[in-house]
Amino acid sequence: MSSATALSWFARHELRLAWREWFAMMTGGRRKRARAAMIGLLFFAALLHVPAWAVIGRFADLQLPLDKSSLIVISATIFLAWTLMLSQAIESVTRVFYARADLDLIMSSPATLANLFSVRIAAIALTVTMMALLFSTPFIDVLVFGGGARWLAAFGVVIAMGLSAAAIAIAVTILLFRLIGPARTRFVAQILAAIIGAGFVIALQVAAIMSYGTLSRFTILTSGSVADYAPDVDSFWWWPARATMGDSEALLLLLALGLVLLGSVMAIFSGRFADTAIDAAAYGTSGRRRAKERPFRGGSRQQALRRKEFTLLWRDPWLISQTLMQLLYLVPPALLLWRSFADSSAALTLITPVIVMAAGQLAGGLAWLTISGEDAPDLVATAPLTPSSVIRAKIEVVLIAIAVIFCPLVAALAFASPFQAAVSAGAVIISAASATAIQLWFRVQARRSQFRRRQTSSRLATFAEAFSSIGWAASAALLLALPIAGLISGLITASLVAITWKFSPKRE
Amino acid sequence: MKLDNSALEVLGLTKRFDRLAVDNLDLTIHAGEFYALVGPNGAGKTTTLRMVAGLLRPDTGAVSIFGIDALQNPVAAKQVMAWVSDEPMIYDKLTPLEYLEFVAGLWGIAPSVSEPVAQELLSSLGLEPHRHERCEGFSKGMRQKVALAGALVHDPRLIILDEPLTGLDAVSARHVKSLLSDRVRAGCTVIMTTHILEVAERMADRIGVIASGRLVAEGTLTELRQQNGRADTSLEDLFIALVTLQEAA
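Chains as they are written, first to last, in this note's numbering: chain A, 1 to 508; chain B, 1001 to 1249.
Since the hints were made in silico from the structure, they are not lab data.
The C-beta atom is built at its ideal place from N, Cα and C for all residues, glycine as well.
Incorrect hints may appear among the rest.
[As the list claims (entries may be wrong)] Distance windows between CB atoms, simulated:
1) B:G1042 <-> A:S8: 51 to 61 Å
2) A:T462 <-> B:S1112: 16 to 26 Å
3) A:D232 <-> B:G1137: 49 to 59 Å
4) A:S108 <-> B:S1112: 50 to 60 Å
5) B:D1169 <-> A:L17: 41 to 51 Å
6) B:R1174 <-> A:R447: 28 to 38 Å
[Unchecked claim] Partial list, derived from the structure: chain A residues whose beta carbon lies under 7 Å from chain B:
7) W9
8) R58
9) D61
10) R301
11) A304
12) D378
13) A381
14) T382
Based on the provided sequences and hints, a complete structural model is requested.
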């Protein structure tokens, strides 16, 4: 087999694996669900056009040349999307390094490793770009429909962003390996991915709070002071914005830049990719973390179970990376709370839905880990405890963890507005309890390391959990502003949770 | 159900998945006995033991452990037994000592009793140098030994093991076998499935041969030979003859 044939064969192999992985993720690993999954996906894509229209529809008529303020808003939005892509790419690259999978087979084959890993790098870039295209399509559709075919250029910008994000993610991850070693890279890379993903939005919100006392990031982007510091309208910094709006020259330059960046990363790092992957694989058998010596602790059987769950949650790297972003989003409301402490500003009301939403999402993740993500199910099932006492201990762990995280925020809120604090506390409890209940009803046996894939086991549970968190957050906010509307919203959300229970799998 | 010195009494145990996995199985294992359950892949060995351990509910039948009805009173039955599966399921983020502390806690063993036992078990299984290391980097053999230590830390009267020697090196396998023999000498009952017939031949007091969900032969090695009229044959030859006969039927 010639080198070119071998490469194209390996590329096809990688694409087939990527397709099957994506397909399994969509169908939850059940081939019979393919049709339902495709219909669901199309419906979801169609549904996404509604919020896309609400968010971006009014910008469809924008024409070049633009003023500085518009360029800033568009560029910031593009940069935000790019940071999210970079965050996802860092996570994908880390996963590829640490998943041993077919590494032994590839490394023991007589093929040129640098070439094979170049293909693998390209596959990562393609995956990141495809995901970005999938999520950006409804927004671009809205712009094309409202403003004409010139907005189709935005697809090219998304491709350029995907290529550059993947290239930088690979470079960053390999450099992390070299600098801090495989033992710490996975953890640091996950933290980095979470910070990059949430960092830009949070930075804008923090700036808006400090300058204008509001959570709205657009306030800071459209402010005169930012426009004063921004480069001239013909600066290369605005290429992405201009390319999005149909400037073909800027678009070609961006695409070329993305390709050159990816090509350079392939040329420089494809050789090291193999070494890095070997290091990561070797870490699995050599890198061992030690715990402190301490005497055995007594207590009830449920206490033993709770202690185990707390220890595992504390030591779970996936949980940290997955929930760090949710916790980071609590920073701006906490800051707003601190800023508005004295003057009980109306902006303070915004804190409640953010807290309630975060509590629901976090409780869902924790509940999955404790209830479904049991790594030794046989041990727990053969222990002399009733199944109900096992479940009860696990639910207690979730609710205690939520209480520890959210009590300080609610307590601080109580000083500014006792009524709002009471509403927030109630909604946090209901939101966390609903998310936990949904995870309990739809529990499936899985390993904790499958946390990232928890959504694939039940689409209904995933949507129900998201809608329940959103619903309780909206109900709490409305209760503060318009109590009757809040009650109605609460009833609707409660009905939704009840319907979810009705559709949950029946158990003996 | 009759109460005698039986550690385990199984009557008419049946389980059907898409096909019949266990077919009206009767089995009695005496207290203090080392019993080996052998059979070809898919014969129903693991399904039988999982039903005994309370991991799977039988369609019909009864399971009694030291006179306790395991289906009616599973918590009491589980208190006196331990289960070790072929795939060691332990927590990657816990150290062996933390794992044993957790298991002892689940069985309600006082720390003053369980801690020295745990230290001794880890030492006898060669895990002492690793007792404070998280299990995430352990080999399959080491993980299997941690799981076995977990099964022994609460001093069960009945130990059920499904292929416990899979993935163990010769030294580790020797450790495990001698640990199990010690337990039997101390009065514990051991039921073990294995594909390594030599182990069954050497260690077991009695051997049960299961095929197509049915117990096709049972007894000491001598009894099995007598039953089949092959005085000097090995267990392997006996096993192949019995299984072939069952498959033909």
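Problem set entry | Cut-off 7 Å, beta-carbon criterion: hint that W9 of chain A touches chain B | 33 Å, violated
Exercise. How about R301 of chain A: closest beta carbon in chain B under 7 Å, or not?
Worked result: Since chain B brings a Cβ to about 5 Å from R301 of chain A, closer than 7 Å, the hint holds.
For this session: Hold the hint about A381 of chain A up to the distance rule: shortest CB distance to chain B must be less than 7 Å.
Result: At 5 Å from the nearest chain B Cβ, A381 of chain A passes the 7 Å test, so the hint holds.
For this session: Can you let me know if the beta-carbon spacing of R1174 of chain B and R447 of chain A is within 28 to 38 Å?
Result: Cβ of R1174 of chain B to Cβ of R447 of chain A: about 31 Å, so the range 28 to 38 Å holds.
For this session: Grab the minimum C-beta distance from R58 of chain A to chain B and call the hint holds if it beats 7 Å, violated otherwise.
Result: At 49 Å from the nearest chain B Cβ, R58 of chain A fails the 7 Å test, so the hint is violated.
Exercise. Are D61 of chain A and chain B close enough, Cβ to Cβ, to be under 7 Å, as the hint says?
Worked result: This interface hint is violated because 54 Å lies over the 7 Å limit.
Problem set entry | Beta-carbon spacing of G1042 of chain B to S8 of chain A - inside the hinted bounds 51 to 61 Å or not | 42 Å, violated
Exercise. Does the CB of T382 of chain A sit less than 7 Å away from some CB of chain B?
Worked result: Nearest chain B Cβ about 4 Å off; hint holds.
Exercise. Given a hinted range of 50 to 60 Å, is it respected by the beta-carbon distance of S108 of chain A and S1112 of chain B?
Worked result: Distance hint for S108 of chain A, S1112 of chain B holds at roughly 52 Å.
For this session: For the range 49 to 59 Å, tell me whether the beta carbons of D232 of chain A and G1137 of chain B fit it or not.
Result: 56 Å, holds
Exercise. Under the criterion of a CB-CB separation shorter than 7 Å, is D378 of chain A in contact with chain B as hinted?
Worked result: Check passed: Cβ of D378 of chain A comes within 5 Å of chain B, closer than 7 Å.
Problem set entry | S1112 of chain B and T462 of chain A - C-beta distance against the hinted 16 to 26 Å | 46 Å, violated
Of the numbered hints listed earlier, those contradicted by the structure are 1, 2, 5, 7, 8 and 9.
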